[in-house]
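S.K.: Chains A and B, in that order, are what the protein sequence lines are. The working numbering applies: residue 1 is where the first sequence begins, and numbers increase by one. The working numbering applies: residue 262 is where the second sequence begins, and numbers increase by one.
One or more of the hints may lead you astray.
[Unchecked claim] Residues from chain B shown here face chain A by an in silico Cβ test under 10 Å; the list is partial:
| no. | residue |
| --- | --- |
| 1 | Pro397 |
| 2 | Gly399 |
| 3 | Glu402 |
| 4 | Ala404 |
| 5 | Arg405 |
| 6 | Ser406 |
| 7 | Gly408 |
| 8 | Met409 |
| 9 | Ser410 |
| 10 | Arg413 |
| 11 | Arg416 |
| 12 | His417 |
| 13 | Val418 |
| 14 | Pro421 |
| 15 | Arg425 |
| 16 | Ile428 |
[To be verified] Calculated pairs, EDC-like style, for lysine to aspartate or glutamate (alpha carbon to alpha carbon, straight line, at most 20 Å):
| no. | chain 1 | residue 1 | chain 2 | residue 2 |
| --- | --- | --- | --- | --- |
| 17 | A | Lys113 | A | Glu155 |
| 18 | A | Lys112 | B | Glu402 |
| 19 | A | Lys113 | A | Glu80 |
| 20 | B | Lys426 | A | Glu155 |
| 21 | A | Lys113 | B | Glu402 |
| 22 | A | Lys130 | A | Glu116 |
| 23 | A | Lys76 | A | Asp40 |
| 24 | A | Lys32 | A | Asp44 |
| 25 | A | Lys130 | A | Glu152 |
[Stated by the list, open to error] To list a few chain A residues with every Cβ distance to chain B over 10 Å, as calculated:
| no. | residue |
| --- | --- |
| 26 | Leu120 |
| 27 | Glu131 |
| 28 | Glu132 |
| 29 | Arg220 |
| 30 | Gly238 |
| 31 | Glu241 |
Just so you know, these hints were derived from the structure itself, not from any lab. Note that CB positions come from ideal geometry on N, CA and C, so glycine has one too.
One-letter residues, chain by chain:
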Amino acid sequence: MARRPRPAEQITELVEGGPMLRLQQVHKSFGKLHVLRGIDLAVDRGGVVCVIGPSGSGKSTLLRCINLLEPPDDGKIFLEGKEITGSTKADLNFVRRRVGMVFQQFNLFPHKKAIENVSLAQERVLGRPKEEARAKSKALMERVGLSDKIDEYPERLSGGQQQRVAIARALAMDPHVMLFDEVTSALDPELVKEVLDVMRELAAEGMTMVVVTHEMGFARDIADRIAFMDDGLIVEEGYPEQVIDAPREERTRRFLGLLEH
Amino acid sequence: MSVFFHQYFDLKIINDNFSYVLQGFGQTILLSVVSATLALLWGLVLALLRQSPGRAMMPVRGLVIAYIDMLRGIPLLLIILLISGSLPFLTFLPEAVRAPSFFGKPDIFWYGVVSITLTYGAYYAEVYRAGLEAVPYGQMEAARSLGMSHSRAMRHVIVPQAIRKVIPPMLNDFIALMKDTSLVSVIAFVEVVKAGREVQATTFNSSALTLGAAMFVVVTIPLARMVDRLIARQQLA
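Isolated chain B (complex conformation):
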């Protein structure tokens, strides 16, 4: 039994590598926050495009639906590999897009951001859609009969109500996003999982990974409880 604790909870290894793993977790957080922010915006754009009325917008709506279906139907890992594998070689694109290094972050960081944004944007778009559809149709009717255009009605009446409804599922998706950032480790980006793996490889011991798991849990459990509280509060209203 003591060998179990030695493999997973070796305090010396944890101590020696603490700052390295913590640094990796910092990258996890950075990647999560940047990607989630962009995904929230991209998801809103997708959701609003999907909602745009009129026959003229039918091809746009069709494209958006196809995009959402595909990005939700393909593993994020595949997207990461597709982008990081060949984007640098698409010579018709500008250098800054093929090998980005904004704000001093390496290109693999940005490949990760793009992959996660494209994928989670699709998930967020569906959450927005559920929120928009949960707003009773009478709200739009009332707004339109007061003279508001479709976009004005969306901006002042529908979207504010939808956003309140979608915060719990959004937070849940953020927790999933945060865990999925670990996939970027396959393209050599050092976030917490990669950091832990490097230690595991040299020590034949998983304690650094346990440490990484503990760091995740410190963030995700309070978030999950926050979601529960928000949902409970909404039920009361």
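So that you can see chain A by itself, here it is in the shape it has in the complex:
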């Protein structure tokens, strides 16, 4: 897949008009455990940022802070220029209607058919009429390649199929940003490709994405920038060929298995 053209300016400079998503010195602790220790990150409109790093580095927490599932303890997050870390109810609605998330464990609603999974939030949150929601759900199921599974319950679907339904479900809300939390880590290897293909298409269509992943080849392919996280901090950030092929930091190199033992 042809890589999209990259802006010539330095990574940390803001693109004119401001980034779609910006995190400024974000901290998050769970009790005594200081999980995020000051995260700075910016994602441009249409940009794809892949976050890699060892387990426990805080990658999932980072994503959950972006859509305020876990409100940060300190620091600021800006979505489309507006600060969302004011923690009022209006902020939550603003965020959740613009940011979609796909989880490692799929989290499909087991008591609803696949198409109902995709329609539910459209009807109950956005107030779309039933027929309109159903039409959109059908279109999205087709887009992820599952038009023959719309009336199946999640337990009858394979992991890869469930994950694609989960992606359709998130897309049904017309998000501006999509967050992916290791969405292929729980899949058998043969089912990973079908999910990654859907994500590739999404990226090519210009969706702003933050992807936490262990799939280095995939990250190198679709990312505009890659951030390596360890121990609650972004240790290294840059173009994919830089971070993955020629990492500067020793920790990055150790993670990628590039250091001699």
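Given the structure of chain A, go ahead and fit chain B onto it with the hints provided.
M.R.: For chain B alone, coordinates are given in the frame of chain A:
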């Protein structure tokens, strides 16, 4: 040995008092169904209150937990006696609450309903809680990230899943409730046990009580088998 059968299975006594005992059992069923319905609703209210998030709701959660602990820790018989004994004398309450007679049922019936509802509501609240906690946390995360509020997520995603899980324990608790209605006999309400006792007192023979036991078993055994089947079906899914 024949004296055993005479004491417990005297067919003449059973025959003579059959409709009286059956009438009592009808009251047992009525009391069970009314109380269980109210207890199911009250238990759901308690469970949802206990679950409500946020620091502001902490006193509410504390009160609910205290209520549940107490009502599960005190014998139902005590509750029945406490309510029936003094409620009529609490003059600050309206007449309809102190001496209820809704739908033509006497006040002792309603004291029984209230006692059982308050007690079994607490048991049901814990069953609901187990059901709610059995729903994986990722479900709530998915629902919230789709923009659903906590209460919307509960209504459309969490509670429907929880209810499916709790039906077997609920049915078990209903069987226990049905048996516990017999305690209301201590305040002179004529359900099946009281009916049987009255016959026992006048005949010095327990056959009417055996009859009452048989009536119970006719209902509770099929219910118990239904629970077993539901559980087996859930294991397969």
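S.K.: Take the hints in turn and mark each one as holding or not.
M.R.: Here's how the hints hold up against the structure:
1. Residue-level restraint check for B:Pro397 holds (minimum Cβ-Cβ distance to chain A is 8 Å; threshold 10 Å).
2. Interface hint at B:Gly399: satisfied, since its Cβ lies 4 Å from the closest Cβ of chain A, which is below the 10 Å cut-off.
3. Look at B:Glu402: its Cβ gets to within about 6 Å of chain A, closer than 10 Å, so that hint holds up.
4. Because the closest C-beta pair between B:Ala404 and chain A is about 8 Å apart, less than 10 Å, the hint holds.
5. Hint status for B:Arg405 relative to chain A: holds, with the closest Cβ pair at about 6 Å, below 10 Å.
6. A least Cβ separation of about 4 Å between B:Ser406 and chain A falls short of the 10 Å threshold, and the interface hint therefore holds.
7. The interface hint given for B:Gly408 holds, since its Cβ lies 4 Å from the closest Cβ of chain A, which is under the 10 Å cut-off.
8. With a least beta-carbon distance of about 6 Å to chain A, the hint placing B:Met409 at the interface is held under the 10 Å criterion.
9. Look at B:Ser410: its Cβ gets to within about 8 Å of chain A, closer than 10 Å, so that hint holds up.
10. The beta carbon of B:Arg413 comes within 6 Å of a beta carbon in chain A, closer than 10 Å, and the hint placing it at the interface holds.
11. The beta carbon of B:Arg416 is positioned within 10 Å of a beta carbon in chain A (closest approach about 9 Å), and the interface hint is therefore held.
12. Residue-level restraint check for B:His417 holds (minimum Cβ-Cβ distance to chain A is 6 Å; threshold 10 Å).
13. For B:Val418, the shortest C-beta to C-beta distance to chain A is roughly 6 Å, which falls under 10 Å, so the interface hint holds.
14. Given hint, B:Pro421 at the interface with chain A, holds; its Cβ is 5 Å from that chain's nearest Cβ, closer than 10 Å.
15. Checking B:Arg425 against chain A by beta carbon gives a least distance of about 7 Å; that is within 10 Å, so the hint holds.
16. Interface restraint check for B:Ile428: the shortest CB-CB distance to chain A comes to about 13 Å, outside 10 Å, so the restraint is violated.
17. This hinted pair checks out: A:Lys113 and A:Glu155 have alpha carbons roughly 10 Å apart, not beyond 20 Å.
18. Using a Cα cut-off of 20 Å, the hinted pair A:Lys112 and B:Glu402 holds, with the two alpha carbons roughly 17 Å apart.
19. For a cut-off of 20 Å, the pair hint linking A:Lys113 to A:Glu80 is broken: about 34 Å separates their Cα positions.
20. Distance check on the hinted pair: B:Lys426 and A:Glu155 sit about 16 Å apart at the alpha-carbon level, within 20 Å; holds.
21. Only pairs whose Cα atoms come within 20 Å are accepted, and A:Lys113 paired with B:Glu402 is accepted, the gap being roughly 19 Å.
22. The hinted pair formed by A:Lys130 and A:Glu116 meets the criterion: a straight-line CA distance of about 10 Å does not exceed 20 Å.
23. In summary, the hint linking A:Lys76 to A:Asp40 is supported, as the alpha carbons are separated by about 9 Å, within the 20 Å threshold.
24. For the hint pairing A:Lys32 with A:Asp44, the CA-to-CA distance comes to about 33 Å; that exceeds 20 Å, so the pair is violated.
25. Among the hinted pairs, A:Lys130 with A:Glu152 is consistent with the structure: their alpha-carbon atoms are about 19 Å apart, no more than 20 Å.
26. Under the 10 Å C-beta cut-off, the non-interface status given to A:Leu120 relative to chain B is violated; the minimum distance is some 6 Å.
27. Non-interface call for A:Glu131 relative to chain B: holds, since the shortest CB-CB distance, roughly 19 Å, exceeds 10 Å.
28. At roughly 17 Å, the least C-beta separation between A:Glu132 and chain B is larger than 10 Å, which holds for a residue marked as non-interface.
29. The Cβ of A:Arg220 sits about 27 Å from the closest Cβ of chain B, beyond the 10 Å cut-off, so the non-interface label holds.
30. At the 10 Å boundary, the C-beta of A:Gly238 stays outside the reach of chain B, the nearest C-beta of that chain being 29 Å off.
31. Its beta-carbon lying about 32 Å from the closest one in chain B, A:Glu241 satisfies the requirement of being farther than 10 Å from that chain.
In summary, the numbered hints that this structure violates are 16, 19, 24, 26.
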